[in-house]
Amino acid sequence: AQSVAQPEDQVNVAEGNPLTVKCTYSVSGNPYLFWYVQYPNRGLQFLLKYITGDNLVKGSYGFEAEFNKSQTSFHLKKPSALVSDSALYFCAVTSGGSYIPTFGRGTSLIVHP
Amino acid sequence: ETGVTQSPTHLIKTRGQQVTLRCSSQSGHNTVSWYQQALGQGPQFIFQYYREEENGRGNFPPRFSGLQFPNYSSELNVNALELDDSALYLCASSLGLAGGNEQFFGPGTRLTVL
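Just so you know, the sequences run in chain order A and B. Numbering of the first sequence is given in the working numbering, commencing with residue 16 and proceeding in unit increments. Numbering of the second sequence is given in the working numbering, commencing with residue 0 and proceeding in unit increments.
Any given hint could turn out to be false.
Here are a few chain A residues that face chain B, going by a calculated C-beta distance under 7 Å [to be verified]:
| no. | residue |
| --- | --- |
| 1 | Tyr-47 |
| 2 | Arg-57 |
| 3 | Pro-116 |
| 4 | Arg-120 |
The set of hints was computed from the structure by calculation and includes no laboratory data. No experiment lies behind these values; they were computed from the predicted model shown. Glycine included, every Cβ here is placed at the ideal spot set by N, Cα and C.
Using the sequences and the hints, build the whole thing.
Next up, the structure:
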């Protein structure tokens, strides 16, 4: 069975500082990995995905994520946080053999002015 | 904003009743997936429809059923509602199956079961 872990319920960072939101996964076969963001009272918005190729993936709003196969991780990063980045972030995984995505529980990112 | 719309926005039902939620997918998308998001949790996959046929189902009982229409819009039906069915129900559309493709989510339907 595939699974996703987001070990931090909340991440606090000061505006202008780099941010990292952690995600680890477990799948059989090659993983397909996604990051989504959810603002209050809104649906999820796609940020970026890794299917194959370069381990560093660049996405929307200046976010990027690094796929690390040996550590089974796919951490979300941004060099300089904005207050408007404050939201709920979800990591999701599936594999080539499954069409069913599994989402993590989410990490609340709070960026302080 | 995505082009995915859901109706109604909010809904209150009593235990034992039946409910139908609706989703209009983004133009050109042939796959619709439904998720249940309980408070403080990540979305849980219910099922997805690809070209009008169910293609993949999560760990939900048969009283959760769905349809996809020729225009790729979709319905989620829940029979014999239980208190634990109270949640935000999200619809997502994609071009191709959800496993390898980015999904575009609607704003959700908030269902409260009393």
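Checklist entry - Which numbered conditions among the earlier hints are violated in the structure presented, ordered from lowest to highest? => result Violated: none.
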